[in-house]
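Protein chains: 2
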Amino acid sequence: ILQIWLDSELICLEITRWVICGLIGFLTGLIACMIDIAVEKLAGYKYLAVKQNIEKYTELGGLSISLILWAVLNSAFVMLGSLAVAFLEPIAAGSGIPQIKCFLNGVKIPRVVRLKTLVIKVFGVICSVAGGLAVGKEGPMIHSGAVVAAGVSQGRSTSLKKDFKIFEYFRRDTEKRDFVSAGAAAGVSAAFGAPVGGVLFSLEEGASFWNQLLTWRIFFASMVSTFTLNFFLSIYHGKPGQLSSPGLINFGRFDSDVSSVFIVFRGVLGALFNIINYWLTIFRIRYIHRPCLQVMEAMLVAAVTATVSFAMIYFSNDCQPLGQDNTEEYPLQLFCADGEYNSMATAFFNTPERSVRSLFHNPPGTYNPVTLGVFTLAYFALAVWTYGLTVSAGVFIPSLLIGAAWGRLFGILLSFIIWADPGKYALIGAAAQLGGIVRMTLSLTVILVEATGNVTYGFPIMLVLMTAKIVGDYFIEGRSRIPGLQSVPFLHWDAPPTSHWLTAREVMSSPVTCFNRVEKVGRIVDVLSNTSTNHNGFPVVSDTTENDEPGKICGLILRSQLIVLLKHKVFVERASSRLSQRRLQLKDFRDAYPRFPPIQSIHVSQDERECMMDLTEFMNPTPYTVPQETSLPRVFKLFRALGLRHLVVVDNENRVVGLVTRKDLARYHVGKDGLEELHLAQT
Amino acid sequence: ILQIWLDSELICLEITRWVICGLIGFLTGLIACMIDIAVEKLAGYKYLAVKQNIEKYTELGGLSISLILWAVLNSAFVMLGSLAVAFLEPIAAGSGIPQIKCFLNGVKIPRVVRLKTLVIKVFGVICSVAGGLAVGKEGPMIHSGAVVAAGVSQGRSTSLKKDFKIFEYFRRDTEKRDFVSAGAAAGVSAAFGAPVGGVLFSLEEGASFWNQLLTWRIFFASMVSTFTLNFFLSIYHGKPGQLSSPGLINFGRFDSDVSSVFIVFRGVLGALFNIINYWLTIFRIRYIHRPCLQVMEAMLVAAVTATVSFAMIYFSNDCQPLGQDNTEEYPLQLFCADGEYNSMATAFFNTPERSVRSLFHNPPGTYNPVTLGVFTLAYFALAVWTYGLTVSAGVFIPSLLIGAAWGRLFGILLSFIIWADPGKYALIGAAAQLGGIVRMTLSLTVILVEATGNVTYGFPIMLVLMTAKIVGDYFIEGRSRIPGLQSVPFLHWDAPPTSHWLTAREVMSSPVTCFNRVEKVGRIVDVLSNTSTNHNGFPVVSDTTENDEPGKICGLILRSQLIVLLKHKVFVERASSRLSQRRLQLKDFRDAYPRFPPIQSIHVSQDERECMMDLTEFMNPTPYTVPQETSLPRVFKLFRALGLRHLVVVDNENRVVGLVTRKDLARYHVGKDGLEELHLAQT
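Sequence lines, in order, name chains A and B.
So the first sequence is numbered by the UniProt record's numbering: it starts at 1 and just counts up by one.
So the second sequence is numbered by the UniProt record's numbering: it starts at 1 and just counts up by one.
Rather than coming from a laboratory, the hints here were simulated on the basis of the structure.
Careful, some of the hints might be misleading.
The list cannot tell twin chains apart, which means a pair is met if one copy fits it or any two copies do.
Below, computed lysine-lysine pairings styled on BS3-like, alpha-carbon distance capped at 27 Å [to be verified]:
| hint | residue 1 | residue 2 |
| --- | --- | --- |
| 1 | Lys161 | Lys567 |
| 2 | Lys520 | Lys569 |
| 3 | Lys56 | Lys663 |
| 4 | Lys637 | Lys552 |
| 5 | Lys51 | Lys108 |
Quantities reported herein were computed from a predicted structural model and do not represent experimental measurements.
Same shape as in the complex, but just chain A (with noise of 0.2 Å):
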């Protein structure tokens, strides 16, 4: 009967967890319609005025104006956002991309998956995209999707203060990260149409240990999450049913002719420089940064971009027939003839979305090589400033942007000399650019692939990834991936390649402050207290000896649930004189988590410093131990497998000699010279 009773148990919690899974999906893909229809809106607005201000002050002669316009439109959303983001959320700001990486590799960053954030956020992409900025609106999503799993997985939200008391199971650090990654996943299936891609995303940025039904929960997420953007989207455009949309952002349908492809590759190494001039803006703009005119740099730079686009558009005389099709949504005639249009003001007068598109298909002859010359350095230049100002956007499309602009340029110079489709290397150097930027190489090409929709193409996206990321990594690796977050214990997918001679021994922090299976109240709130060990777990051992030699292991304890523990008061005396007392459930746990009070607000008087406490019952009896000897690349993977927080080391009488740490191990590090250790902030 038990069996049964457990069986059904843990078939319902199985199935309560796809519900989720379904939930989060449904919802990221509804916010991403949401975004994308208002960005559509609010941009078409704009440019709507905007165009039929140039309209009317061509013919008088007072461009001037409509320069002021649209610079004070621009200025006028970034500033909303702006204001958003650093008064209300700075966590918002950027794609939050690093950030996830870092939740899903184990380390904790305050307020990331906060409701607050998310509505932050998605209003700060609407107004930087809608506000003209060098930025895409795909980044964003991943964060936006985390969020979303977080608060739907734990049926309550912080900043709401609202308890919904469901999914209670669910509140504990492996299953939250489980749908966190199910939530990413969801927010790259929605912004690209990559559902596979979003799956390989979390895999690669997260999930240690390959989990086939979490991945197929993770998989149901990216699918129901680009299905309903997709289905809301057709609704929205009028056409229910043709289901064309199922990403923020589509490639469209690309051929399979890439006989003239492979020709490109010398190319890439150019565009390498690029990269790495990039990376280096980066950061410088990450050094100069200053706290409180970050909301004026943002208004500023919306300025700069409108009036850089103006002046591009109104110094070039690069004039296009009108196509028949009408493809052009807002074609601006300008000085050109009748029945033409200005096609560097198509470039500049589009969301960045569409760009990419009409860079990708347009039909060769469409783009003057000097308009796109001037277009990609322009657009280059206004792209590294905006990345590292204080609005939430992401950095993919402007990537794609620069990239298929520049491959675009250099198949229009190559067909000089032999045909060749520009649209083609369109997309090869909008991947090099994005695999030097980006560097998630896997999933971004699997991302790609799917984004075109034809899988001949992925080889040679692959190679060039691949080239991208090899140079890439050349010149910065040493400094840490993620700006910004270079204090973070970050770990990598394998141990430094040379630390083969480093043993546990030498890595684990020693000595361990250990407590005995019943220890006094007044010993543990004073080693909780102790803020210069400010560990999070800790050895239990069989009772020590007087003589200080270190005792047996015989598990391990959280910090977070000895207070929990101190909290209740489950002392030995009081359970013996208090039978009736309910005895602490798992519930309490879990009612605590993930904020779990500090040591300091636990009133814990004097006379019951002197009180016992014992441990036997909740510490983790069977806790990961290695022995000394054991070699850093097996401990790495131990944690890395497993997704370890703590392990103990041992010596060969099982008694404890140190513990090893996630802050431990990324200390290591390849440098120039070799290993190196990095000096991690005590945080």
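Please build the complex by placing chain B on the supplied structure of chain A, with the hints as guidance.
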């Protein structure tokens, strides 16, 4: 200096791995290409001959001669293939996917990855497909890819008795398994034009720990494989540069209108009965197979297939007008009026790949529902009978074909009520049928999505596959999922759900045969020769005291290592007497891999039996250990995450009390009545 030297050596190794993966992909693609062309040619000649014969005798009225010709041709092809398989290499029978799954899971099956197996397999597949059996050539590609990988990565072939003296570093289990994963992925990729699906297949079945570089390499192999196939097939078809056939089976491009697809879900349940029926029949066949009449049976099936096909064509009177685009390659007029062709003949008179594609894409009205119904039933019966014959053949294509046929039938029937595109239903039906039979859900979804080239179908395909899997599991769970390999210690992804109560103590084998650090040769030989305890790993303990109390663990040594040590007579006494003797090197172990000599072939004299062997230098000094109280799920996780084969169980004094092997874990299984212990064969 050492640092730099080590660094560059590691980089060299990594580059070598990439080169090998590229080679694997290239060769796998070539093999797929060869099989495809051979089958096309042979089947083309056969159909042409039969068609001319039929046309000749339709008027003369001696159609039985045509029937005999067809049956004889079929039988002849099948006889060749079956003879080769039955007498030269029985392991080449079937698709080989179960064997590869086991190999990736870590279970060794003899002769699976030999060159001879590959040759027979390729020959067998060509014969059985050309012989008109209801089989496909896709499944065997996975096996072929794996064999290629094993051969290339080891740099030698046992079948050819040739050692190329390259890639010697990779001659060990872990490296070989990694390459075989890549090979299997390349096989999937070539078969379905689905590189991502291939990677997921390998991960789902094999890789226990998500290793980023490994995944990258697998992906690379897949990409190269599909690209090679695409490239050469394009040249063969006379359209170089078009690259339109990334896989052996191409579904053709589906457009995005899926609004009508959703109604089909109700139909899935009906199909599931098919699937279950199918499985039961498979099991029946398994139990009535005879050893030497296999070839006869295969020929009989081939003849019957021809007869049934012929009868159905003969008695059907479903004539369809000949389209002006002439998509049918062998339109057969038979008794139809001029300008019309026999529609039943199209279904049978074709390679199954073509039939699947026409079921998906032919416009509504191409097929008569009665024709389709009869065809489905007949083909189903034939496929059930064929599966399990001693021929190399896959079950993918027949499943797809049956599924597509009933799906289309359902779609046609439905279209009497509401409008519906039967091609879409054919796709969904194919997915359901395949899902019920093959049951590798995640990778299968991706494979099908990649094969259709449209992400929009992902969601319905996934839902159908999940339903099919759940229903399938419900009926089949409790039996092994790999027919014919019931006794293999196959580890599933998770521990059985209700095994939390079991601890390592209850699962482990005990007592364990341990060796001392310095052990008497005689004892080692005795232990290794003892056939009743053929363990592969032995804990090494610090010297046991006389009272037989188990010693403290200090290492783990493998049977294969001991055998190499014995063969080279690495005895303590000799080391001191012959200082000039060269030391045993890693190379000696590698050269012996993977066919270590049996203990019986090593002669140890009576004198030598008294010598001592020092194992300290050769054992693994830090084996993974767990305390006795560790729960079964935790032990399971360690095994899967770290790819363990032996786990030493120790008490809290670090003394060996037991050893958990894969077999101990695979014994526990959830059956109808809760947890069951399986009795595994002692092999």
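Against the structure, the hints:
1. Lys161 / Lys567: within (21 Å within a copy, 72 Å between copies)
2. Lys520 / Lys569: within (12 Å within a copy, 58 Å between copies)
3. Lys56 / Lys663: For Lys56 and Lys663, neither the intra-copy (63 Å) nor the inter-copy (82 Å) Cα distance is at most 27 Å.
4. Lys637 / Lys552: Both. Shortest intra-copy (25 Å) and inter-copy (25 Å) distances satisfy the 27 Å Cα cut-off.
5. Lys51 / Lys108: neither (47 Å within a copy, 71 Å between copies)
Checked against the numbered hints given earlier, the structure breaks hints 3, 5 and satisfies all the rest.
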